[in-house]
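Novice: Given the sequences, and given the hints that come with them, work out the whole structure.
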Amino acid sequence: MSSIPTSVCSLFFAATIGAVTSQGASQDPVFPRVPGAISRAFVAPTARGVLFDQPGDGRVWAAGATYKASFGADGFVYTPFLGSAAPRNYPVRFVLRKVLAGGRSVRLAAVPSVRRDGARVTLDRGSVREVYDLTGDSVEQTFVIADAPAGDIEVELDVVSELEADRTDGVLQFANALGAVRYGSPFLVHAAGKTEVASTFAGGLLSLRVPAAVRKPGAVVIDPVITTKAFASTQLATTAPDIAYDADTDRWLVTWAQAFSANDHDVMAELRSANGDAVPGSLKPIDVTGNDTSLPRAANLGSVHRFLIAMERLPQSSAQVHTIWGRTMDARSPFVTSNAFEISPASTSHQTSVDVGGDPGTFGNAWTVVWVFGRAIYARQVFADGQLGTLVPVAASGTSQRYNPEISLSNGHGLTGSPGWCVVYMEQTSASDWDIWGATLAPNATILTAPKVLATGATNDLYPMVSSATDNRTAGPLYMVSYERQQPSGPEMVVQVVDRDLKTVVPEVNLTRRYGYSGTFCRVETDGVRFVATCRTSSGLAIGTLAMFGNDLVQHESLQTIGVGGEPFVASKRSGGGGATDYGICYVRSDSRVGICLYEGRAATGGFNRRGTGCGLWITPSGRPALGDAILFTLGNVGSEPSGLVLGLPIPAVPLCPSCGLGVDLTGPTFLLPSPFQFTVPREPTLVGSTAAVQGFAFGSGNCPGSLRVSDTIDVSIQ
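Mapping to numbering that gives the first Met the number 0: the sequence shown position 104 is 103, numbers consecutive.
In case anyone wonders, no lab produced these hints; they're calculated from the structure. Using N, Cα and C, we set each Cβ at its ideal position, and we do this for glycine too. Check before you lean on any hint, since a few could be wrong.
Claimed, not checked - When the alpha-carbon atoms are kept at most 30 Å apart in a straight line, the in silico DSS-like pairs for lysine-lysine are as follows:
#1 Lys451 with Lys502
#2 Lys193 with Lys97
#3 Lys215 with Lys193
#4 Lys215 with Lys97
What the hints assert, rightly or not - Here are the simulated distance ranges between beta carbons:
#5 Asp590 with Val335: 30 to 36 Å
#6 Ser557 with Ser316: 47 to 53 Å
#7 Ser429 with Ser316: 35 to 41 Å
#8 Asp136 with Thr199: 44 to 50 Å
#9 Asn175 with Glu139: 21 to 27 Å
#10 Glu163 with Ala191: 48 to 54 Å
#11 Asn274 with Pro506: 36 to 42 Å
#12 Gln386 with Gly515: 43 to 49 Å
#13 Ala383 with Asp500: 27 to 33 Å
Specialist: This is how it looks when you write it as structure tokens:
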């Protein structure tokens, strides 16, 4: 036997299980692989109280289940949610014009100060305060008039809206065919309770009147309640989810857009724990303004444990163009979000189709954002403090139309010897032909490899995707590129693997024809060693695991259904600096909610198999025997006698005494290990399916020859 140090154990283990492969040892796991993903579906929240935001535009924004509201120097705006299919927003603006006391004007500050305290927002105008108490489905509007002279009190507000005013059931409302904003009866609030007071509306002027006879000592407080009444379904339709990972907190960030109306999409984000549970307090509005904000894309910056969410924005005003905006969110509590900032330069051209790549390195300092600018593909770095780098023309403007740029979710910084991002995009070479092009960028976003064509099929190649960088500290990173090849029988999923110079490492593999993948909703990602690929099959969205074998791809797990829906996006823990094997997938479910599931990208068979060979010693394996994962073996019920572990080839148990046996072949390569002992499975796909055995021993108190005690034997089959 040999005693080997922990630092080199994985190398010896690789040699050992390589020998085991030829022996044909058992690979039956004690804990069978659960096919498919561990699904944890959740709802893009339509009602979690009310969410507040101050994105830096000078207003306080609030999002409830049935409305949005904003507060600023120009007053209070209430926008009812009338269903995602509503053609546009129908806001109602309330602006305090004047307050009269005994026929005399009460002095109002020209510009109110705006402050928020919890779920209360106050517009302070000096002698008069507008106080708004918000819940998920209502806004209580209160006017507090201090030190008012004797006499009648009259509050006048300008109301601006294209909704028609009427009174239904005696309640003032502003309505159209989709629904209404109901302005509840105003009440005078006093120590003895509430007294209803009169309100009138004519010519856009709303008046609330408190007769002197009903006034009580002290400040005058009037409080109507504003609500929404929608005539159609008010479930928010969600779209364009994305997911990223932060290793420091072991958290996933999920972001998505939701249709407040046909021309107003909002963006939300929420953190999820390692097992998919919502992190309390982490649901954040990223954009709930009146702008049409869509296509949120997220990536992590490991050095500061922060996510960047980049998105498209189209203002509601006429003659506007799409621009690219960003906002950061911390992975650590209290989950601070930055002000919103524009990433794209000022232009009269539309800037669309955004994506963002992260950096998991300890010293990484920037994300890289890519987007379509006219007919060009541009990149720009966003630094940890929100400062912007210079514009980088990845593919300069020309006669060809370019679309759908995608950048690696991670550049592999700290995980590979030559980190960098790969950017892929579609380019139209003729009226009937689209090809796939690519380029690579350094961690500072300078161009490493200029654009070159990657796929020129006889038919259109569309919608490219690219994985994060693989781990390779000597030869440099590799990237899997996928695209949808259009065929008369339908689209097919084609992939290839390229290096940082965009040289082909694995030529095109048609996953549709080889492994039954479909050609829609094709996505790819890597855990640094293997790849996963998604598609939509007849039974739903599905994911499978692939590995390189020379210059080809082999399947380590066939397609597993993860849910019914569309628009999947996938991130590996490795992309955010975490371990191997684990992936998070988000998608839009068939009920228009956002779903998330967790997937282990490994072989379907294998694992730990316990054989009952013990007599008094306990052995406990933990971890996963998957490529790149750590395994721990621990002995229990050990006294002061000498003890340890033996790693070697599995054999049918050889009896040592009537109750125990030897499960490790001592005539082959064996290694003596201490207990507890942990090592990492080598990141080598050819080891998958190989099996070794581990058994514990102790001398001095057993009934076997030599006073030996042994444990059960754990067969370890690499997944």
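Novice: Now look at each hint and say whether the structure bears it out.
Specialist: Hint check:
1. Lys451 with Lys502: holds, 10 Å
2. Lys193 with Lys97: Holds, at about 23 Å.
3. Lys215 with Lys193: Cα-Cα ~11 Å, so holds.
4. Lys215 with Lys97: With Cα atoms ~21 Å apart, lysine 215 and lysine 97 stay inside 30 Å; holds.
5. Asp590 with Val335: 30 to 36 Å: Since the Cβ atoms of aspartate 590 and valine 335 sit about 32 Å apart, the hinted range of 30 to 36 Å holds.
6. Ser557 with Ser316: 47 to 53 Å: Holds: the Cβ-Cβ distance is about 51 Å, inside 47 to 53 Å.
7. Ser429 with Ser316: 35 to 41 Å: holds, 37 Å
8. Asp136 with Thr199: 44 to 50 Å: Given range 44 to 50 Å: violated, Cβ gap about 26 Å.
9. Asn175 with Glu139: 21 to 27 Å: holds, 24 Å
10. Glu163 with Ala191: 48 to 54 Å: Violated, since glutamate 163 and alanine 191 (Cβ atoms, about 37 Å apart) do not stay within the stated range.
11. Asn274 with Pro506: 36 to 42 Å: holds, 39 Å
12. Gln386 with Gly515: 43 to 49 Å: holds, 47 Å
13. Ala383 with Asp500: 27 to 33 Å: With Cβ atoms ~29 Å apart, the hint holds.
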